[in-house]
Structure formats: C-alpha cells, structure tokens
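4 protein chains.
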Amino acid sequence: MSKLTDLIEDLVTANRILATQGIVDSFGHVSIRHPDNPKRYLLSRSRAPERVETADIMEFTLEGEAVDAKGRKPYLERFIHGAAYEMRPEVMSVIHNHSPGVIPFGVTGRKMRPIMHMCATIGHEVPIWDQHSKFGDTNLLVESMAMGRDLAKKLGKGRTALMRGHGAVVVGADLRATVYTAVYLELNAKLQMQAEAMGKVKFLTKGEAQKVAATTTPPNVNRAWENWCRKAERPYRE
Amino acid sequence: MSKLTDLIEDLVTANRILATQGIVDSFGHVSIRHPDNPKRYLLSRSRAPERVETADIMEFTLEGEAVDAKGRKPYLERFIHGAAYEMRPEVMSVIHNHSPGVIPFGVTGRKMRPIMHMCATIGHEVPIWDQHSKFGDTNLLVESMAMGRDLAKKLGKGRTALMRGHGAVVVGADLRATVYTAVYLELNAKLQMQAEAMGKVKFLTKGEAQKVAATTTPPNVNRAWENWCRKAERPYRE
Amino acid sequence: MSKLTDLIEDLVTANRILATQGIVDSFGHVSIRHPDNPKRYLLSRSRAPERVETADIMEFTLEGEAVDAKGRKPYLERFIHGAAYEMRPEVMSVIHNHSPGVIPFGVTGRKMRPIMHMCATIGHEVPIWDQHSKFGDTNLLVESMAMGRDLAKKLGKGRTALMRGHGAVVVGADLRATVYTAVYLELNAKLQMQAEAMGKVKFLTKGEAQKVAATTTPPNVNRAWENWCRKAERPYRE
Amino acid sequence: MSKLTDLIEDLVTANRILATQGIVDSFGHVSIRHPDNPKRYLLSRSRAPERVETADIMEFTLEGEAVDAKGRKPYLERFIHGAAYEMRPEVMSVIHNHSPGVIPFGVTGRKMRPIMHMCATIGHEVPIWDQHSKFGDTNLLVESMAMGRDLAKKLGKGRTALMRGHGAVVVGADLRATVYTAVYLELNAKLQMQAEAMGKVKFLTKGEAQKVAATTTPPNVNRAWENWCRKAERPYRE
Chain A
26 MSKLTDLIED LVTANRILAT QGIVDSFGHV SIRHPDNPKR YLLSRSRAPE
76 RVETADIMEF TLEGEAVDAK GRKPYLERFI HGAAYEMRPE VMSVIHNHSP
126 GVIPFGVTGR KMRPIMHMCA TIGHEVPIWD QHSKFGDTNL LVESMAMGRD
176 LAKKLGKGRT ALMRGHGAVV VGADLRATVY TAVYLELNAK LQMQAEAMGK
226 VKFLTKGEAQ KVAATTTPPN VNRAWENWCR KAERPYRE
Chain B
26 MSKLTDLIED LVTANRILAT QGIVDSFGHV SIRHPDNPKR YLLSRSRAPE
76 RVETADIMEF TLEGEAVDAK GRKPYLERFI HGAAYEMRPE VMSVIHNHSP
126 GVIPFGVTGR KMRPIMHMCA TIGHEVPIWD QHSKFGDTNL LVESMAMGRD
176 LAKKLGKGRT ALMRGHGAVV VGADLRATVY TAVYLELNAK LQMQAEAMGK
226 VKFLTKGEAQ KVAATTTPPN VNRAWENWCR KAERPYRE
Chain C
26 MSKLTDLIED LVTANRILAT QGIVDSFGHV SIRHPDNPKR YLLSRSRAPE
76 RVETADIMEF TLEGEAVDAK GRKPYLERFI HGAAYEMRPE VMSVIHNHSP
126 GVIPFGVTGR KMRPIMHMCA TIGHEVPIWD QHSKFGDTNL LVESMAMGRD
176 LAKKLGKGRT ALMRGHGAVV VGADLRATVY TAVYLELNAK LQMQAEAMGK
226 VKFLTKGEAQ KVAATTTPPN VNRAWENWCR KAERPYRE
Chain D
26 MSKLTDLIED LVTANRILAT QGIVDSFGHV SIRHPDNPKR YLLSRSRAPE
76 RVETADIMEF TLEGEAVDAK GRKPYLERFI HGAAYEMRPE VMSVIHNHSP
126 GVIPFGVTGR KMRPIMHMCA TIGHEVPIWD QHSKFGDTNL LVESMAMGRD
176 LAKKLGKGRT ALMRGHGAVV VGADLRATVY TAVYLELNAK LQMQAEAMGK
226 VKFLTKGEAQ KVAATTTPPN VNRAWENWCR KAERPYRE
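Residue numbers (my numbering), protein chains in the order written: chain A, 26 to 263; chain B, 26 to 263; chain C, 26 to 263; chain D, 26 to 263.
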C-alpha cells in the first residue's frame, strides 16, 4: 500500500516534469500500470499535466472504464494507455504527448533514428501510425479501444511510435525510464532535423543503440530524475 | 452586470496569457464584443498586454469611437476589431498579434494549413492580406475603418488571416477559444516551417480539420485556460 | 542636473533591458551623449550589462578619455561610441551588441532589410563593416578611434550597421528608441533567416519603411519601454 | 589550503553555471586539476551538475581511482578528464558536455570553425572523434583509460574536440576560461548552422582567431563569470 502511495506521488511528479521539460503543454498524459493489479492502470482526470494533483489520479480497467470516478472526468484518449498495457504485459508506464519536435517527422514520414547516446532508448527506427489509413477522416483522437489497439500494433515491440498530425506514444518498463525516453525523443527530433539539413548523418548503429540502452539503468535515470524534480518543485525520492 | 465584470476580468487575463505564451510582445491586442450591446466592444487602452489592468479596459462603438475615454489613449489599430465585429455578427472576440512564426508566411505568400490536431481551428487554409494591394505605401497600420473592412473581407468566414509584413488577426465565438486559436496558430507556423523544410507534408484533410475543430469545446479549451491562468499568475474561473 | 540623474537611471535601465531581452549577453554596451555637453558621452565601466549599476556610469570625451575614472576600468571598445557621436551630431545614443541573429548576416554578406513594421527603424538595407578590409588580421575589437571612425563611416546616415564576425552597432536620436531598434534588429534577423529559407520575401518597400519609422514616436516606444522595465525589474518613468 | 577551498567552490559554481547556461542538462561534468598535486584531479560524484554541492567533490588519480570515495559513486566517464590531464600538463580544467548544438556537427562530420570573436578560443578547426573507428560498437561511453587516451590524442594540442553521437570535450589552462570556451562553443555551433544554411561563410582567419584568443584574459572572462554567478545564484569571487 505504501508502494502504491509512492507510485502515485511519482506519477504526479512525472506529470509536472513532463510539463516543465516541455514534453507536454496543456495536453498529453502519463499513466502507470497498477502495481498490485496488472489489469488496471492509473491516470489523472482530464487536466493539464502541470496542474495535476494526487486527488486527480483515477483508476481504470484496461478497457478504459473508471473504477470509481467520483465525478472526475477522464481523458478522452485514455485508450492509448489501456491498449498498450493489454498488448505488452511488460509495459508498466505509458506517455502520450505532442512535443513539438515529433510533429514534423510524423507528417512527412521521415523516420526518426537515434542520433546520440542519450537518445538510444527511442529504438532503432521509430514507426509512424497514421490513423487515417484504417479509420479515414476522424477527429484524430484515439477515442476507442479499436483505435488504441491499432496504434499499439504499430508500436509493436518498440518503445516509441509517432502519430501523424498528432504526437507520439512512449512506453517503458518503469515510469521514470519512460519519462526519460520521452524527454530524449524530443531532443532527438530537434537534433535530427538540424543534422539532416546539414548533410548525411551517421546515426547510432544498431549495436551501439542496444549497448547504450542497456546502460540506461535506474541510477542513471535517477541522476536526471533528481534534477527534474527540483526544477518541477517536487520532492525527490530515491 | 456580474457577467460583464467576469468577462472584463477574463479579458485582462487573456492579455496576460497572450503575453506569457509569447503570442504578443509589447504590442498586439485582444477585444471582446460587449455582452449586452452587440454594437460595442471592449478593448484595453494603448498599453502592453502584459501590463493591462481592469481599469484599462475601454468601451468602443464598432466605428472605434471611445464611449467614455476618461483620458485614456486607445490603440491606433482598434479598427481591426470593429470591422470584424461589424462584418461577422457571430464573432465575440478578436485578437491582433505579431507572433514571430506568422511573419515568414505573410511575407513569402506561403499558405498556412493545419499540421496537427491542436491547430485545426486555424481553418483549412489561412488567407494573407497585403495592405499594399489596395492602399499602396502606408505605415502598415490599420488606422481606419476602410482598412479594417478590407482586412475583414479577406478574413471572410474564417477564423484567421495573416497580414503581410505585420502579423495576424484571429476571431472566434468566444474569448477563450480565440486565445486558444492564436496560441496554436503560432505553433502551426513553427511546425509547418520545419516540416516543409524536411519534405512533403500530409496536412490535416478538410474532413479531419472540421472534425477536430468540433472537439474544441469549452471543457477542452478550459484545460488549457486553467493552465495558462496559473502561468500568467491570474485566478482561474471555470 | 535632475535631467542628468534621470538619464543616467535610464541608461542603467537600458543595460538591464538589453540583457533581459537577449540583445546582449555578458558583453556589449550602451551609451548616451551627455545632455549638457555634446563633446562627452556616458557609458558604464567594463561590466556585464545585466550587472550595471548607477555608480558604474563613467563620463568620456569623444576620443574615449575617461573624465574622472575613479579607478574604474572602461570598455576596450568605447571608440565605437565616440566615433559615432563625433560623426553624427544628431545621434544621442549608441549600442554595440552581438545578438545572435545578426552574426549569420555579417559573415555571409547577406543584406538585412526590414521584414515587418516593428523592424522598419533598422533602415532600408543594413550595411556590413568588415574590419579586415582596412586593418587586416586584428583581434576584431574596435580599440582605436581610427577603427571607430571607419565603422562610423560605414554606418553613414543610417541607424544600424553589422560588423562581420563580431556584431552590430545601433544609433538613435534617443536612448529608448535606440534600444527599441536594437531589439527589433534581432527579431528582423531571425525572421528574415526563416523567411528567406521559405521563398522570395516581400520586404517593406522604401516608402512603407519610412512611413512606419515615422510612427515610432515616444508614446509608441514607451509602450514597450514600460513593459521591458517591469521584466527587467526596474522602475518605469514616463 | 585556502586556495584549494576557493577552487572547490569555483568548481561547484562552474557546475551550476554550465547548467544554467544550457551547456549541460542532467549529464556532463567539469573537473579541475588538483592545485597542489598535478597527478590528481577534482570532480563531482555522479550527480546532475545543477545539483552539485561542495561535499560532492571527489579527488581522483589520473587513472580515475577515487582517493577517498567515502561511499560516493563516481561518473563512469571520468577517464575523459584523467587522460586529458595526463597528456597535456598545462591543462588545468576539463569539461565533458552534450550541448545540443555540437551534436549535428559530430554526426555529419561538418567541421566547426570560429564564426565570431567570442568563439575564437574553440580553435581554428574542431576535430571530431568517432569512438567507433577504434572500438567498434560500444555503449559510446568513455569508460576506460584506453578510450580516454584515444580521445585525448584526437584533441591534440587544441582546446576542443567533438565526439560523434555523444558530445564534446573542452580543456583549458584555467577553470573559468574553460567554462567560457564551452559556452561559446555552443553558440558557435548554433550560429554556424544558421550561417552555412544562408551561404558561404567568412570565418575568422587563423590570424584573427589567434589575436582574439589572446584577448581572452582573466578580466575579460571575469566579466562573464560575474554575470553567470548571479544567474546561477552563486557568490562571485574575483
């Protein structure tokens, strides 16, 4: 139970960090799988991440039903989270964001690849999901399990996927590592745009990307997490 | 009357938000149509938006006459507002701004189109008004109703229009939604510039843009508004 | 005398504003001609503009001799100021800065021209001074009256000139208007870079630039000045 | 001894400055050679630079052995520092960073050269080290003296070297001057990217670069250092 309380506080912190690091603006969301029940996940009510508080965290079934809404309105796009947890049992955290750098890649079809060691966890090549391919003209929101599952399929076994004209989804085995990947996915986007305008880029080789990703251990991620907590004016818990 | 008081406070907040979000610098302005008299609008005296206070809000006829100036000096370009209210009875709020991203589009004639779902409310294609076409060499300021009406004509039934070598005008059926559109017009500009430098862009289809725009409802806009209020250090009123 | 005190306070404020607006980093400087003696100018001792205080303001002859140094070390490049005051009797303020946007123009020889109304005061086309042409390999600093005069000659009757591999000089008939021009010179640089990468740019016509520049009156400049004072945490004096 | 205490405080300050100036994010590090023992260097324990405190500073042999770890965990990549001190007796400070501007140069092989006078200390042409050339697929971290020495060899007699897909190393005869070079290396990267997209660049000539670098004396560097201290909320010591 104390583990759950700690995790919920971490989830609130993750919301604030994603906002202060520029990964979400007033939209976007981050969830964790329930530590005691893999068929449930925890996600804020519909609110800007920078404003999220402990009392905003709701519990959902994988299908996106609120377990005890207490009048709180959920995010329309919560199905992104449930579908990823459903398809990927090892995934413990999901982020959906629209950080500015990922958009140009999604709408041009340019593939993002890791350009520096910090960005290795985005995966060797980031797939792009176009909601239009299967669902035609929509409001571009992932507002059903069918859409969430189609996106999760595109994500496959990876850590990240872009959504054309919309944003990205990032998953991980751990909340903090997932935030880390979302932060460096945005940096990769910015740097790849600049580098490809300058000439042919030598990306990380597959071997390099795998070896670097293996070094992204909790002590390493925590070096950033401590720093981000302070910038987000949240307490740091090791 | 309490409704008017609330709206005026919202208008002050809108000024501060537009400044803290980088949509206006020391120039630019935002108005609302008077809630009790459609032939009037409310707009600050000539002052930087980030400094605007309740006592700065003045009332104007659609032709731009101050109803009770009390010595306050109005913005020279208030005719942008009056002409839009005159031509478009459903418009309840008008913003004139020079956010940096819109300038390169206006001066090159490149058409802006919605590149991501948040930006759908800018309209399918943003028209560009060149004051020079009708008025020749001017100081580029919209300082008469004739100029304001010419600009309103270019705006047509849309939500946004660019002004070559000057900035943009954004209108809406609601103050908060208009601020929202102005914020995401700027983001669209920045992203479209980057994406078009990378390759062919798949913009939102007309159908997608319409469907997304329909989801930009008050609860959605308020998610951003609450967040922007806090960043602008203004109270949030639901 | 009270006029002098007020002007010196304005000069301190100008230093802080240039820093908070990103026009100078730890280097660069701003001066005013002495209001009671046109053969003298006032300039801080060698210190980062954001740190400048009233007691740092020194008085110089046009040749750059400190009138009463009191142990204070002057800027090496003060000759930029003196030479401009010497050649241009109507100039009352001079800024030397290295804001990032102006550098790419100076080193590529691309001419800067006013792209939007706020930027009209930079002049129809900004000349570029290359110290190397006359002085060969130097440390690129303007450390003599001979160099300062050569730069002033390139400036001619204009308001701004770029210095290749170094920065810019901005002059004006009034301290606040000069700060205004320096701020919008930087914006022009950024926007022109972006716009020219997108296509052919329709700059302000000569007639437009002149007409806009004529509207840059004290009330207009003060709208920005009040706002900048607050951001620089300095009192505003009308 | 008091000299050592002062230097350690400066080292803490350097960590904070590099963070507030955007030269390091949560990663990267800065060291000084021990003032009393050239076979030792001082470097923080593994922590984000913006969080580093006096008690975090550890002492290492040139081979990277902690002299008295007291349970503190060192940076994995400390070998970058030791190898540079070993090969270059005159070097008194080393920085390893991943500031965003340097990455595109490292991965495209584009050579960075000084574009403006502030950036002269980066050297006439910045070499690029590719860990892959000698070590094949690695995790891209410099985690042995063999790697550190290979990097130091590429650095040669220079002040800066880029590391492909990773970052940069900057060395100097003095802590403050080394921080100065790291700050302006990043600015050079940003400006060179923009300028080369606009046209042929006239870089500083070799003679100019040498003459400017000679003016980067302690009084000059301290003008920036005082300003950076204040921004980093650290006391300034002349």
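Treat the hints loosely; a few may be bogus.
Each pair may be met inside one copy or between any two copies, as identical chains are not told apart.
[To be verified] Here are the computed lysine-lysine pairs in the PhoX-like style, where the Cα-Cα straight-line distance is at most 20 Å:
id, residue 1, residue 2
1, 28, 215
2, 227, 159
3, 95, 179
4, 179, 227
5, 159, 178
6, 256, 98
7, 231, 159
8, 159, 236
9, 256, 225
10, 159, 256
11, 28, 256
12, 236, 64
13, 231, 98
14, 159, 215
15, 159, 98
Note that these hints are calculated values from the structure, not bench results.
Hint-by-hint comparison with the structure:
{"no.": "1", "hint": "28 <-> 215", "result": "neither (37 Å within a copy, 43 Å between copies)"}
{"no.": "2", "hint": "227 <-> 159", "result": "between (34 Å within a copy, 16 Å between copies)"}
{"no.": "3", "hint": "95 <-> 179", "result": "neither (34 Å within a copy, 49 Å between copies)"}
{"no.": "4", "hint": "179 <-> 227", "result": "between (26 Å within a copy, 19 Å between copies)"}
{"no.": "5", "hint": "159 <-> 178", "result": "within (12 Å within a copy, 39 Å between copies)"}
{"no.": "6", "hint": "256 <-> 98", "result": "neither (29 Å within a copy, 23 Å between copies)"}
{"no.": "7", "hint": "231 <-> 159", "result": "between (31 Å within a copy, 17 Å between copies)"}
{"no.": "8", "hint": "159 <-> 236", "result": "between (36 Å within a copy, 16 Å between copies)"}
{"no.": "9", "hint": "256 <-> 225", "result": "neither (36 Å within a copy, 38 Å between copies)"}
{"no.": "10", "hint": "159 <-> 256", "result": "neither (41 Å within a copy, 39 Å between copies)"}
{"no.": "11", "hint": "28 <-> 256", "result": "neither (24 Å within a copy, 32 Å between copies)"}
{"no.": "12", "hint": "236 <-> 64", "result": "neither (32 Å within a copy, 32 Å between copies)"}
{"no.": "13", "hint": "231 <-> 98", "result": "neither (43 Å within a copy, 29 Å between copies)"}
{"no.": "14", "hint": "159 <-> 215", "result": "neither (29 Å within a copy, 29 Å between copies)"}
{"no.": "15", "hint": "159 <-> 98", "result": "neither (28 Å within a copy, 51 Å between copies)"}
Consistency with the previously given hints fails for numbers 1, 3, 6, 9, 10, 11, 12, 13, 14, 15, ordered from lowest to highest.
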